[in-house]
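Visitor: Given the coordinates of chain A, work out where chains B, C and D with the ligands should sit on it, guided by the hints.
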Amino acid sequence: MAIDTLVRPDAGAQAGAKVNDFSIAVATANGTGSQTANLTLLRSFFKMGIPVHGKNIFPSNIQGQPTWYHIRVSKDGFVARRPPELLVAFNRDTMHQDVAMLEAGGVCVYNSDLRLNEGRSDLTYYPVPVKELLAGVDVKGKIKEYIANMTYVGVVAHLLGVPLDVIEGALEHHFGKRQKLVDSNFEVVRLAYDWAVANVAKADPYRVEPMNATEGLILMTGNEAGALGAVYGGVSVSGWYPITPSTSFIDALRDFLAKLRHDEDGRPTYSVVQAEDELAAIGMVVGAGWAGARALTATSGPGLSLMAEFLSLAYYAEVPAVVWDIQRVGPSTGLPTRTSQGDVGFAYTIGHGDTKHVLLFPSSIEECFEFGYLAHDLADTLQTPVLVLSDLDLGMNNWMGKPFDYPERPLQRGKVLSAEEVAALGDWGRYKDVDGDGIAYRTLPGNPNPAAAWFGRGTGHDEMARYSESPTDWEQNMARLARKFDTARTLVPGPAIEEEPGAQLAIVAYGTTRYAIEEARAQLAAAGVATSFMRVRALPIGDEVRDFVARHEDLVLIEMNRDAQLTAILRDELPEFAARIRPIAHLDGMPLTAAWVLERLMPFLPEEARRLMEGA
Amino acid sequence: MAIDTLVRPDAGAQAGAKVNDFSIAVATANGTGSQTANLTLLRSFFKMGIPVHGKNIFPSNIQGQPTWYHIRVSKDGFVARRPPELLVAFNRDTMHQDVAMLEAGGVCVYNSDLRLNEGRSDLTYYPVPVKELLAGVDVKGKIKEYIANMTYVGVVAHLLGVPLDVIEGALEHHFGKRQKLVDSNFEVVRLAYDWAVANVAKADPYRVEPMNATEGLILMTGNEAGALGAVYGGVSVSGWYPITPSTSFIDALRDFLAKLRHDEDGRPTYSVVQAEDELAAIGMVVGAGWAGARALTATSGPGLSLMAEFLSLAYYAEVPAVVWDIQRVGPSTGLPTRTSQGDVGFAYTIGHGDTKHVLLFPSSIEECFEFGYLAHDLADTLQTPVLVLSDLDLGMNNWMGKPFDYPERPLQRGKVLSAEEVAALGDWGRYKDVDGDGIAYRTLPGNPNPAAAWFGRGTGHDEMARYSESPTDWEQNMARLARKFDTARTLVPGPAIEEEPGAQLAIVAYGTTRYAIEEARAQLAAAGVATSFMRVRALPIGDEVRDFVARHEDLVLIEMNRDAQLTAILRDELPEFAARIRPIAHLDGMPLTAAWVLERLMPFLPEEARRLMEGA
Amino acid sequence: MDRAPKLNLVGLSKADYAAAPSTLCKGCGHNSVAAQLIQVAYELNLKPQDVIKLSGIGCSSKSPAYFLGQSHGFNSLHGRMPSLGTGALQANHSVRAIGISGDGDTGSIGLGQFKHMLRRNVRMVYIVENNGVYGLTKGQFSATADLGQSLKYAGTNPFPPIDICLEALAAGAGFVARAFAGDAKQVREVIKAGLSFRGTAVIDIISPCVAFNDEPDSTKSYAYGREHQRALQEIGFFPAQEEIVVADYGPGEMQVVELHDGSRMTLRKLEADYEPSDPTRAITRLRQADLAGELLTGVLYYDASRPSLAEASELPATPLSMLPDDTLRPSRETLSDLLAGYA
Amino acid sequence: MDRAPKLNLVGLSKADYAAAPSTLCKGCGHNSVAAQLIQVAYELNLKPQDVIKLSGIGCSSKSPAYFLGQSHGFNSLHGRMPSLGTGALQANHSVRAIGISGDGDTGSIGLGQFKHMLRRNVRMVYIVENNGVYGLTKGQFSATADLGQSLKYAGTNPFPPIDICLEALAAGAGFVARAFAGDAKQVREVIKAGLSFRGTAVIDIISPCVAFNDEPDSTKSYAYGREHQRALQEIGFFPAQEEIVVADYGPGEMQVVELHDGSRMTLRKLEADYEPSDPTRAITRLRQADLAGELLTGVLYYDASRPSLAEASELPATPLSMLPDDTLRPSRETLSDLLAGYA
Ligand SMILES: Cc1ncc(C[n+]2csc(CCOP(=O)(O)OP(=O)(O)O)c2C)c(N)n1
Ligand SMILES: Cc1ncc(C[n+]2csc(CCOP(=O)(O)OP(=O)(O)O)c2C)c(N)n1
Ligand code: SF4
Ligand code: SF4
Ligand SMILES: [Mg+2]
Ligand SMILES: [Mg+2]
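Protein chains in written order, with the numbering used here: chain A, 1 to 616; chain B, 617 to 1232; chain C, 1233 to 1575; chain D, 1576 to 1918.
Read the hints as simulated data drawn from the structure, not as lab findings.
Virtual Cβ for every residue (Gly too), placed ideally from N, Cα, C.
Keep in mind that the hints are not guaranteed to be accurate.
Claimed, not checked - On the chain A side, residues computed to face chain B include the following (Cβ under 7 Å):
hint: 1; residue: S312
hint: 2; residue: L313
hint: 3; residue: G330
hint: 4; residue: L335
hint: 5; residue: D343
hint: 6; residue: R466
hint: 7; residue: E469
hint: 8; residue: P471
hint: 9; residue: N561
hint: 10; residue: D563
hint: 11; residue: A578
Here chain A stands alone, though its shape is the one from the complex (with noise of 0.2 Å):
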């Protein structure tokens, strides 16, 4: 569980009161801006103290189309998707099917002027006159339609019981200084939740209470957090190219330079240049860590697949290069805003010929802040390619997490050779193992020392740097490449793993795929069954890996792709255990859901097990 300091709610609350634990979802049509609604919900739940999640699932479109926005509240800090119990219905495209998806005893708030011809009898309908509602606002168009979102904020904080106040937090919150904007919207917020409360009857169970199990705690995107982490891991270059939904990635990474690295003459110490495209984009990135500045880019698969050749390049030259690939579902263009882990196999050895690379698994914003900087740590150091790849669900989402640990460790900038140096050594080489780890020592250009300089090429060299087609030369270089790759296994974050006595499955699995499996696990556990989890948090794997995998007979390996691409890595580099390996692999471009990793978790329980859960 990422947040560790829960506290229970109010043990006084009502009998059959479900309190602090509930799905929401919101549906609306995409461009009417419901996003500062749903982020003002979000937000104040957040604000109570209480455990929370949103989810945007929206489609790839820019306005018009159908769109939802998924809210976890949850006491006990879960924050995997999970079927929503109450519906907004503000979408007349998809009430329909919005309301068929609520399971019996589910509630429905609903804009009236849809006429929802609904009859189940198994929910509770609270409909909203919007039209009537507005009737009195002073505003117009466009505006307007923007605005009515608001009311189903007040009709929901009148039904959870959410304070006014804490509503107007959230949404001072969102608008900064812009009072105008917080006083329009909390206008029509305190209008609705009047009429709520003059008008609406309470008749579900669903309700909030405050809590403080999110204090000190911060609600941020993992896009942003890995940005940031860039920001403080002194990332100067970037080179990108539009692509959803590793563009918020960017927007945040100019955001926070703008405000954070400027020298003292008030010169922006970095430069972020849109490309024309992702060759591009990398070759940008690729050109400044030769030239030694730290450099990134983030992209998705379409993007990540252009870059193929430069990565090929950059592993074979050894130059550092940082490569955020925000995963959507793909093949091609695909589910552009639905999330995945389709990339992992791909990456890894993206590039014709031998060719590995670094890999990064974040799974929390924590671990993007961390993983900003590190990644160029590790490229820096290791002098290759090193690639984060997040998702789409962590990356655009709000995602709760503790303030971010200020990095200790000074940059680590790897060998790279002062003017000094190179004249100390006298037979400086560029491609030379002089400490037997596969890593060599570099030079930048602008290096005062003309003994310095080194061509940089992707064609066959010696230790020298020197062209040569040598079959030696080039046995010789890929073996210490090897020989590196085997370094970065010693470099690199080890797993999480939670080990539990007595385990009778050992669940092994990376990213944002944790949030369901750890809910699952807790459902295991109060029945009864203890399982093991390992969570990779990057390739190449190392010793406590493999040691992991050898302690366990039976393994489960659940990732978000169709065809188990961590399995495929784990049963090459473990080949003794590869059929323990076993992968429960999905990709519908949903985040999993507890109940689903519960249902293919089932199979490979024993038997006991099994019987314990049916029972639970």
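Guide: Structure of chains B, C and D with the ligands alone, referenced to chain A:
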């Protein structure tokens, strides 16, 4: 062995003579026209009925850099690389290292104008006074330089016992109708030959004698054979971009098309377009495939990298496409004129997201021809890209083979519906799995039935090819694609298996490593060590591969890359046998030798077999 | 009582040329281009099955899904429609191709492919729905954005725009036109003429993005277009069979361009001395317009003398994709004959 | 007795600017360009460590290995040097960059990157060693090959050439010149001037490929160049300190262009009315030359007003790659302050 009609050479050879069993290396400088001389020697041996193979070991350079040509003459039909016993040293720059490389007892024919200061007493030297010999020849400048190489042809012919009329025949073959060129070259050969007869005392044991082991065979490069196969496979569109070693594939394609493919009006029934890069080349192929033509491109590593995005699209939109990847040494530009099997892992899953591609691994000119049309049959049948992974060694060198069998099966165009068929079906949907094999029915642009239209896209789609972001549509479609890939397992060429009773080791390999392996196996067999051999000919693997692996506990997989790329794939797909698949992976750009294979096999042989071999 | 819809000469109603409803923003220029394409197809009596629609990626590139639902189409990769189209049209040169791209798709990622397709002169009406911005990814500057322009999201653009028409002229295109999405008739007539051109007909349509780049100071806005449009000609199109009917015109005012399929494009000159026959002149005029802040529209250049790629390739009348198997696979004898040369 | 080599102002001999011996063909135009680069660096008293050399892939792109062996260099990917250079020069804008590309590298695969780099105006002398052919892959047509030209290997070229200078002008480049490798002085002086330009200086050098495209009927051959070269100016270059020394000239015959580092380029007009200050004029003149079969050389266009990318980015004087760690990593306090806003 490629040749199964071997005839032993004359038994009456004198004692100690090494007849029809040696290797020659010719060292010259690039761009001096030595290819003509070398091919003349090669074809002369071939015309004498002696199994032969030539390898061009050339630099990435146009003029002036060292280049070598290796000719293996083998009465037993072995065509793997073997360190040469005979050297033709015609390049001043490398003379020293070339001579040093010879084993004791070796023979060195050298251009005496170049002043070889070698005093190895364990070699036989034959100086050739090239300038003197050419003094009387009436040509000048560049031509003289070109023709100078003919002197070693004459001298070698005398030393080895190649009749002059055979040489003349080879020259006629080489120059076709251009009799003047035949004459001028032959004049120099004869001059040198006569000089040698008069002045050179034979002092070494190597010589040739006529056999009839090449009767009915042809000599061709893999690129020619593959291109010819494609022509007989009905290829009609090619987009391509020059890159060594694939360029000669397209050269051959254009030549063969120009010869063989015109309609009654003399119009070409094909179009070959030189693209501006590989992104465009594959784009043309995918466009043509979608429109219903059989289309191919040929490329090598860097170009393949640039095709990732389009291959991901073609996989998902289900468009037939054929890519010949003539592998050279990567990563990056690497060694552009050296051979490798380094793109296997990358090619199998090239493209972001869950992509899996059909790969074919030709190992001979017969298979190049066969896969040349088969690739199109498979691409059309499976509606997916098919990548043929050849290599520089196979593609650019001349190999013996049986004349190709004319394809007996008609073109397999797969499930393409006519206007009438669409009408008859009524409820046709582009991505419906009607037959349960994962392969849906398609229609082509220009189909006169307006109901035949469908909209191709890389975005999520339903069975009717309509845009869809539905999770179930995505999942079901991807599951169908996985089903289709399972169908591919039953359609691709099965492995070539030679299973020996009581085998002490099973060897798995693919492509051109077979020649060194076959020779090593023959040596093992001669020493009494039986081995089994499975040559994988395609991915995905089917039951035959699995069963072979299941039957053999001691397995090694030999491949020409650093990272044991096929090993990784097999370990993933056969996890229960992963540990028994032990890689012998190696890459230095040079084709394998039997000696190297033997040495690497040693540690995997049972104790007893090792002893047998050491005794041998 | 419903009235039966009006049918054209191939028996189709306008509705038969429609497709899925647009998911683009209301008011987006791309929607009006799609509407005109439907109209054009209807008026020209095109058989949908004789048309293919191709596009890259972007809002603009989505629009082939919104017209001619009975035509094959391919919404391909960002910036790579030119190569896909080249392959498709070499495979089947008998279909008419309508390519839809965006300014990001063509001017940024796709500039190389665009220009190389023009060099090859692939027969296609290549429409750039040019809004100076990346619509689908929400408002970044594209390569055609104005120098110094400020956008809420993207900040200030420090780079000079590329001009699609200028690039097309430099690449040797034989049909280069610009239109304004706000001028439906112009869009329609120029597309009609483009469909008769044997080669790549480049039509740069200023097509405002109401979501991200429609402020009046943007040269890609409706307001700017309406105020600054300067049409070189009033364009008309007359199919082969039809008589040319136009209002009175003085000598030299009207130019009739015979298109290769017998149809004619009429250009009523609005700028007396402009002849669309000299690429250098066209470039000069474009640059003048730029400096003057004009949105210059009309047919900038027309020259039908270069063969299309299919023509230069001397392709047979039957498209390659429809050749029978026995044409595609040479006979058994040819193989043995050929192999004899390698023995 | 050996004579001590002559040293320049930074104490280096010409040999200090040499590098590995060329592996290109004897007589290849690229070799003479490399020789001139050595000469230029020597004459300009460049410190090798202040220079970086960048290239794509091709014979031309190999040549950075053959000059300035004491400078850092990067022989990158086919057609992708512009982006690599952009990144490298944003990371370190204090070095002078010499980019070497080929016509295939720039005109075919790299056209998009080339043009977009020009839009950004990255400070680099960008030399295209233009031989109309792919040398390294043995003789295919590149995008600058002549229309209708026949080559032994490649057949007949059905496509019109792209013109590197025209493309550069269309993309807004501020320094556009053409030279002929057979004219060493011109090559040398124009490179010198280019090195003083703050932005991309495009120099299209016709550099014959003796192996594959040196037949006299090729516009990229030595013979053609010698016969058809028409120089717009005689170019001179004078460093800041030096006095301008030229032969007598009449009024209006000589133009002195002050370069931003105080050095000056002198243009002695060989074509009386040509001023290299108007891009439209330059385009017109280029097209004229094309029609007339001239190999037009000289400075086609010069305009130093656009800021380079580094300038537009307002980069600090210290290159980004050399900023100290504490400038690169904001303080501890900034982090907690910033995070407070997310609580
Ligand atoms: C390789 C790749 N990179 C990035 C993207 C993301 N992307 C989609 S559309 C688009 C820009 C579209 O702009 P434009 O062509 O002008 O079309 P508009 O939406 O403005 O009509 C981008 C960058 C992508 N789909 N593929
Ligand atoms: C991605 C990629 N495709 C193809 C090649 C093969 N290739 C190497 S150089 C070259 C052409 C070079 O032509 P040009 O730039 O004109 O240089 P020149 O050799 O003529 O100087 C090609 C196609 C490559 N190295 N990389
Ligand atoms: S975002 Fe712009 S380009 Fe896209 S649909 Fe909306 S208005 Fe059109
Ligand atoms: S092939 Fe041509 S371009 Fe290459 S080195 Fe030789 S002459 Fe120069
Ligand atoms: Mg746009
Ligand atoms: Mg060239």
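Visitor: What hints, given by number in increasing order, does this structure fail?
Guide: Hint 6 is the one this structure does not satisfy, whereas the remaining hints hold.
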